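**Student:** Sequence:
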Amino acid sequence: MSQFHPIVYVRGYAMTASEIADTVSMPYMGFNLGATKVRQSWDGAVYKQVFESPMMRLMKDYGYIDAFSDGAEVDRDITHKTVIIYRYYDQADRDFGEGKPLSIPAAALQLRDLILNIRKQLCGDNAARLSEFRVNLVAHSMGGLVCRCLLQNDGIITPAVRKMVDKVFTYATPHNGIEMAGINVPTFLGLWDINNFNRETMAGYLNLDGRPERVDSLGGKFDPNRFFCLVGTNQQDYGAAKGVSKWLAGKMSDGLVAIENATVQGAPRAFVYRSHSGPYGIVNSEDGYQNMVRFLFGDVRIDGVMDVEALPLPPSVEKAKGEGRRVRASYYFEATVSPRGGRSFRLTERRRETFSAVLRKFDEMMNPKQAGLDSARSPVLFSTFLDSSKITVDRGRTLVITVELAVSATDYFVDGALWTEHRVEGEYLYRDTLTLKMTPAGDGWNLRYVTTDEQWSERGGSKAEPDGGSYVIPLSSKKGFKAQLRLILQRRA
7 MSQFHPIVYV
17 RGYAMTASEI
27 ADTVSMPYMG
37 FNLGATKVRQ
47 SWDGAVYKQV
57 FESPMMRLMK
67 DYGYIDAFSD
77 GAEVDRDITH
87 KTVIIYRYYD
97 QADRDFGEGK
107 PLSIPAAALQ
117 LRDLILNIRK
127 QLCGDNAARL
137 SEFRVNLVAH
147 SMGGLVCRCL
157 LQNDGIITPA
167 VRKMVDKVFT
177 YATPHNGIEM
187 AGINVPTFLG
197 LWDINNFNRE
207 TMAGYLNLDG
217 RPERVDSLGG
227 KFDPNRFFCL
237 VGTNQQDYGA
247 AKGVSKWLAG
257 KMSDGLVAIE
267 NATVQGAPRA
277 FVYRSHSGPY
287 GIVNSEDGYQ
297 NMVRFLFGDV
307 RIDGVMDVEA
317 LPLPPSVEKA
327 KGEGRRVRAS
337 YYFEATVSPR
347 GGRSFRLTER
357 RRETFSAVLR
367 KFDEMMNPKQ
377 AGLDSARSPV
387 LFSTFLDSSK
397 ITVDRGRTLV
407 ITVELAVSAT
417 DYFVDGALWT
427 EHRVEGEYLY
437 RDTLTLKMTP
447 AGDGWNLRYV
457 TTDEQWSERG
467 GSKAEPDGGS
477 YVIPLSSKKG
487 FKAQLRLILQ
497 RRA
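When we follow the numbering used here, the leftmost residue of the sequence shown carries the number 7, and every step to the right adds one.
Just so you know, not all the hints are guaranteed correct.
[As the list claims (entries may be wrong)] PhoX-like cross-link-like pairs, simulated, lysine-lysine; straight-line CA separation at most 20 Å: (1) Lys367 with Lys327; (2) Lys87 with Lys126; (3) Lys66 with Lys396; (4) Lys327 with Lys485; (5) Lys443 with Lys396; (6) Lys169 with Lys126; (7) Lys488 with Lys469; (8) Lys66 with Lys87; (9) Lys469 with Lys443; (10) Lys54 with Lys43; (11) Lys367 with Lys488; (12) Lys375 with Lys327; (13) Lys87 with Lys396; (14) Lys227 with Lys169; (15) Lys325 with Lys485.
Derived by calculation from the structure, the hints in this document are not laboratory data.
A quick note: this is a predicted structure, and the numbers were derived from the prediction, not measured.
Produce the complete structure using the sequences and hints provided.
**Tutor:** The following block contains the structure:
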């Protein structure tokens with residue numbers, strides 16, 4: 007089966023009539039938008055870089071074409087490398103349709119028919135090609151909910167059509183709804199179809215039973231390993247709704263979607279310092295594009311898990327804990343992953359400053375079983391996809407990534423006598439940068455790593471030891487912190 011499949015792009019939500027008019031006037035529905043300025047990181051420093059657009063880069067880097075010809079959308083000449091823009095908002099424009107937006111189930115139904123039409127035009131009556139046909143879905147914001155409705159709603163899809171979807175990649179989709187000032191948008195708010203993001207409404211069109219507190223489950227209808235969530239963490243640069251939205255959504259968001267609501271349970275995800283849309287938007291970014299193509303076309307997946315063994319406390323806090331006094335604090339686990347040569351982007355960036363680091367509370371870390379969280383001391387830090395066909399050095403065999411790791415504690419609060427409280431300043435317990443070099447070796451890997459202190463040495467790094475189906479790198483600091491970075495490497499078909 008071909009590595010490449012047709013890509014269907016499903017754009018996000020357009021609120022007002024003017025936004026809908028702007029949307030339908032664009033041939034590529036926003037997939038054509040690029041940028042000439044990129045935020046370097048969380049601190050706001052800007053340097054000039056040209057990102058042409060996801061559409062243009064797919065054409066230049068992978069030979070994809072669009073589905074337009076002589077000013078019209080065409081049904082012929084579709085290949086495995088065609089990008090089809092799903093124009094479901096045309097219905098909402100009076101020049102193209104009835105002037106009323108489609109409901110999410112109606113949009114999902116038309117997406118199903120579009121996939122079947124692509125299959126017919128690409129495969130004809132060839133039984134083998136019909137059987138092997140697959141399509142990839144790439145969606146922004148509400149477009150991801152349209153894709154989930156297609157996959158999860160049994161009234162719309164059949165198992166045969168579901169099998170035709172190979173992978174789904176979502177940018178900034180509110181998989182668990184949208185909250186403003188900490189409140190989920192209400193059911194009755196039908197103006198501009200905002201109630202599409204109410205969890206009760208979502209549970210209905212996503213075919214989830216009852217009234218679940220969270221609606222970010224695929225409900226067993228689609229393999230979450232084939233579903234990727236890209237999460238934006240830049241609230242500041244989102245300018246829609248005259249800038250009001252970003253303040254209502256709060257700092258732990260992309261300006262519209264809360265970070266904690268932008269993923270699907272069990273699915274790989276990455277975090278990038280991008281806003282929901284606009285000049286610093288998540289779709290028109292190198293970070294977004296690189297994650298998308300590596301997930302769609304890459305042949306290696308790397309998951310990084312930190313297994314914490316020893317978590318030191320400041321002496322005064324350790325003494326108070328031993329005396330049975332209550333200690334309150336939280337820990338941040340940060341991880342930033344960059345591939346070799348990726349000077350202008352990061353594949354994922356989970357940082358304390360952008361409110362995207364993994365957060366664990368003191369009680370969860372000290373007594374994980376008692377807290378009911380056996381995995382609390384083993385946070386998943388990243389899931390990264392790589393494409394070995396893009397390697398141009400070291401005989402095209404060795405994959406190289408850089409992983410920046412940090413573990414820190416917030417201030418510690420220790421309860422004293424007569425309801426007094428003692429505060430101890432928090433600090434970094436561990437911080438280092440590892441360069442990972444992974445070379446295929448039989449059925450496994452030869453994985454070597456170089457720490458910051460070894461960058462200038464001639465040792466060539468250390469070898470990570472295999473441990474079952476993973477590879478282990480010991481981590482430690484002079485403060486007494488001990489852990490291991492457990493790497494799970496998988497070859498993808």
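**Student:** Each hint needs a verdict: does it hold in this structure or not?
**Tutor:** Status of the hints after comparison with the structure:
1. With a C-alpha separation of about 15 Å, the suggested pair Lys367 and Lys327 falls inside the 20 Å cut-off, and the hint holds.
2. Our distance criterion of 20 Å between C-alpha atoms is met by Lys87 and Lys126, whose separation comes to about 15 Å.
3. Restraint check for Lys66 and Lys396: satisfied, since their Cα atoms lie roughly 14 Å apart, inside the 20 Å limit.
4. The suggested pairing of Lys327 with Lys485 holds, with an alpha-carbon distance near 18 Å, which does not exceed 20 Å.
5. A hinted pair counts as satisfied when its Cα atoms are at most 20 Å apart, and Lys443 with Lys396 qualifies at roughly 15 Å.
6. For the given pair, Lys169 sits about 15 Å from Lys126 by alpha-carbon distance, which is consistent with the 20 Å threshold.
7. At most 20 Å may separate the alpha-carbon atoms for a hinted pair to count; Lys488 and Lys469 meet this at roughly 18 Å.
8. Taken as a hint, the Lys66 and Lys87 pair is honoured in the structure, with Cα atoms around 12 Å apart against an allowance of 20 Å.
9. Of the pairs offered as hints, the one joining Lys469 and Lys443 holds, with about 9 Å between alpha carbons and a cut-off of 20 Å not exceeded.
10. For the hint linking Lys54 to Lys43, the alpha-carbon distance of about 5 Å falls within 20 Å, and the restraint holds.
11. Restraint check for Lys367 and Lys488: satisfied, since their Cα atoms lie roughly 18 Å apart, inside the 20 Å limit.
12. Our distance criterion of 20 Å between C-alpha atoms is met by Lys375 and Lys327, whose separation comes to about 18 Å.
13. Restraint check for Lys87 and Lys396: satisfied, since their Cα atoms lie roughly 18 Å apart, inside the 20 Å limit.
14. Using a Cα cut-off of 20 Å, the hinted pair Lys227 and Lys169 holds, with the two alpha carbons roughly 10 Å apart.
15. At roughly 16 Å between alpha-carbon atoms, Lys325 and Lys485 fall within 20 Å of each other, so this suggested pair holds.
Going through the hint list in order, the structure satisfies each hint without exception.
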